[in-house]
Structures are given as structure tokens and as C-alpha cells.
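Protein chains: 2
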Amino acid sequence: MQTQVHLLHHVPLSPFCRKVRLTLAEKRIPFSLKEERYWEGGTEFLRLNPAGKVPILRYEGRLLYESQAICEFLDEIHPTPPLLPDDPAGRYEVRRLCAWFDDKFHAEVTANLLYERVNKKIMGTGYPDSQNIKTGSARIKYHLDYMSWLLEHRRWLAGNALSLADFTAAAHLSCLDYISDVDWDRAPAVKAWYATIKSRPAFRPLLADQVPGFPPPRRYADLDF
Amino acid sequence: MQTQVHLLHHVPLSPFCRKVRLTLAEKRIPFSLKEERYWEGGTEFLRLNPAGKVPILRYEGRLLYESQAICEFLDEIHPTPPLLPDDPAGRYEVRRLCAWFDDKFHAEVTANLLYERVNKKIMGTGYPDSQNIKTGSARIKYHLDYMSWLLEHRRWLAGNALSLADFTAAAHLSCLDYISDVDWDRAPAVKAWYATIKSRPAFRPLLADQVPGFPPPRRYADLDF
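Chain order of the listed sequences is A and B.
The UniProt record's numbering applies: residue 1 is where the first sequence begins, and numbers increase by one.
The UniProt record's numbering applies: residue 1 is where the second sequence begins, and numbers increase by one.
These are calculated hints, taken from the structure and not from any lab test.
Be careful, since some hints might not be right.
It does not matter which identical chain is used: a pair holds within one copy or between any two.
List time: in silico BS3-like cross-link candidates among lysine-lysine, alpha-carbon distance up to 27 Å [stated by the list, open to error]:
hint	residue 1	residue 2
1	K121	K104
2	K27	K191
3	K121	K34
4	K104	K191
5	K134	K120
6	K34	K120
7	K120	K104
8	K141	K121
Chain A with its partners taken away, still in its complex shape (with noise of 0.2 Å):
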């Protein structure tokens, strides 16, 4: 049994960080969080992570950065459950839509959206700049869409089994629903898939998340919103 507590430093509202919180808890390996202000910058975190970001997951003694490659790490040795599948053409597709997800709706969405609203307040770099809200509201539509085509034609996002995908994109959506940005109503299959991730014990502690100066809605928490 797995019983040393590692330590990830983290932000409540980064959907990288988010990614693996999920993944830790879904494969039931104890952690505890350290908030960092990491645009804060400062030798000290500096010398935690050279690329002066967050996720960053102390582990068993060594550091490890970039959300993907630590997904993946613990999924190679926390096997269970599996978040990727055994066969290549499986392993591939979780891949992509984590590369859509963490590149594409990163840019798209995530940056435009939350970015504007809560990072640039927080760190004291400005007000939102409306075009790029605009810009933001306007692209989720469209990545919506797609969630929608996906989740027409199989039960989880990447194929019949729930994956790292699922979890990448349901990071980067609960920090959006967390600021009202996500219209469900548009996308019925998207909002019963995220129902149903949102029920997992894993996701539980992102939904008790606080960020001062911004109080979520009340569905944000809510299992039937």
C-alpha cells in the first residue's frame, strides 16, 4: 500500500493543475496541496521549477513538472485504474484531445475567458480586454460543438472508456463553469457527461475551491445544475 503523502504546488483555478489533482485522486494516491503565487516569481520558486510555473509535484523526493508528462508518469505506475487504453490507436486519440484541449481550447477559451476575468486581477496585470472576452464566448461554441459530435458517436470523450482526455478537458470546463462561462444548455450530452465526471469522488475537492474576490455560483458545487 501506497502510504508516503506527496506534495503538489498548484493554483485552485489552472485546469493543468486541475489534471492532476484528478488523476491523483482518481488512482487513490495521497497528496496534499501548497498554493503557489508563481507569477510572483522569486528565486525560490524559481529553483522549484526553472520554467517558473505550476503544476509542480514533489514525488517520492524528486520534482516533476508539465501536467501531461506527470499524468502519464503516474499512469505508468499506478496502473489502476487505467487512464489511457493498451492499444496504440486507443493511446494516440486520449492523446490528441489532450493535445486539443490543453493547446487549442487552452488558446481558444481558457486564456480568453478565464485568463481575462480572474489571472489578470489577481496578479495585478490589468482589466479584461473585452475583444478578447468576446473572442473567448464566441470560440466555446464551437469546442462545445465538437464535445457534442464526439460524445454522439462514444460514451467518454476518446472512445467506450472514461480517460486522461475526459479529465483534461473537465479541468479546463470546471474552471470556466467555476466563472459562469459554460452554457449548457447549448450542449445537453456535454452537460450529462459532466455530470456524470463531476459525481466522481475524484472531482469532489475541486468543487469545495475558493478563490478570494471570486465566489463561484452555486450550481458550480451543485451535482444536478
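With chain A held as given, fit chain B onto it using these hints.
Quick look at chain B alone, frame taken from chain A:
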């Protein structure tokens, strides 16, 4: 024996396309190239890839996207020679460094230098922004120093064997070398590493690339640069 010829939709000076070309060639998977003016969009191209970007690999009748997912897929189904090691910690380190170059190096260096100098002109989206060029020129020094530090401790970037991390880094650096933006004198260890990669048969086709309007410097293709 593999005899089917696969098709890679690409542009010559894309580090992501180059990474896939290097992986295919290293594994001696026969493929042909088709150049795409992906930024012009158009329904035919978007039908190929809804994400609207290259590389796209047509592989046994299937379309594959996202360079890292493609390369890991190719490594799994064509395991010789291996581009990821067998142990989870070694695989983590390769994936971490791939993300370092494809995310951090890409955003700080490739986007500020290559996209400003070349892509803007080819795509007709304006003139290079001198502030971005300045930022990119400053940041590449930091990355060359980081690579030097890695290569003081290891034969290859991620350990003692050639891996996808080396191809990822070389894909970015080779595009920047094409536009004379790499100060090799700053980092002799990186220069020696690049000379070794450059002399591999898999690298040859990249050295023959010619982009109209942007003739490469003579030393770009020179193995003894």
C-alpha cells in the same frame, strides 16, 4: 516489410512537422510530403483537420493530428529504433522536455523569431515586430544555456540515448538556424550535439528544404558548420 507509402501534409519551416518527419525517417517508414498553405483555411483543408493546422499524417487510411501524439503512436507501432526509453522515469523525462520545447521554447523563441520573420511575410499578415524579435533573441540565450547544462550531465538531452526530446529540440533549432538566429558560439556543447543530429540520415531531407524568398545561409546545410 512496410511498403505502403504514407502522406504527411506539412510546411517546411514548421518545427512540429519537422519532428514528425524526423520520427518517420528515423524509423524508416516510407512517406511522401504535401505542402499545405494551411493559414488560407478553406473547407477542403478544414475537412482534413478541423483544428486547421499541420502536421497531418495520412497513415493507413487514417488522418492523424498533433505532433506529439503522432510521434508517440509511431514509436509504439514501430518500436525500432526506440525514441522513448522503457522505464517510466525515463519516459517522463522525454515527455517533459518535449513539452519544454513545444510549449515554452515555442512561445518564447520560435514564435518571436521564426513567426515574426518568416510566417508573417508568407501569410501576408504584416511586418516583423521588433520588440518580439528582441524578446526572442534574448530568450534563446537562456534556452541554449539550459541545453548546455543538460548536455554537461548527459550524452543526449533526456539521458544517455537519443530520444524524441532530441528530435523535438532539433526541429525547433533547425528552423531558427535556417534564418541564422542561433548563436552556436555561445554553446559549444549544443553545437556538438546538433552536429551529431544533423549528420543522421533522417535529418538530410530537412537540410535540403528551400523556402521561396528566404534562402538559407550556406552553413545551414553544412555538416561542418
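Outcome of the hint check:
1. Taking the closest pair of Cα atoms, K121 and K104 come within 27 Å of each other both inside a single copy (24 Å) and across two copies (24 Å).
2. With identical chains, the CA atoms of K27 and K191 are at most 27 Å apart within one copy only, with a shortest distance of 24 Å there and 43 Å across copies.
3. Taking CA atoms no more than 27 Å apart as the test, K121 paired with K34 passes inside one copy only; the shortest distance there is 21 Å, against 46 Å between copies.
4. In this assembly of identical chains, the alpha carbons of K104 and K191 lie at most 27 Å apart only when taken from the same copy (21 Å versus 33 Å across copies).
5. Proximity of K134 and K120 under a CA criterion of 27 Å is satisfied in both settings, with 16 Å inside one chain copy and 25 Å between copies.
6. Taking CA atoms no more than 27 Å apart as the test, K34 paired with K120 passes inside one copy only; the shortest distance there is 21 Å, against 42 Å between copies.
7. With identical chains, the CA atoms of K120 and K104 are at most 27 Å apart both within one copy (20 Å) and between copies (20 Å).
8. Proximity of K141 and K121 under a CA criterion of 27 Å is satisfied intra-copy only: 25 Å inside one chain copy versus 32 Å between copies.
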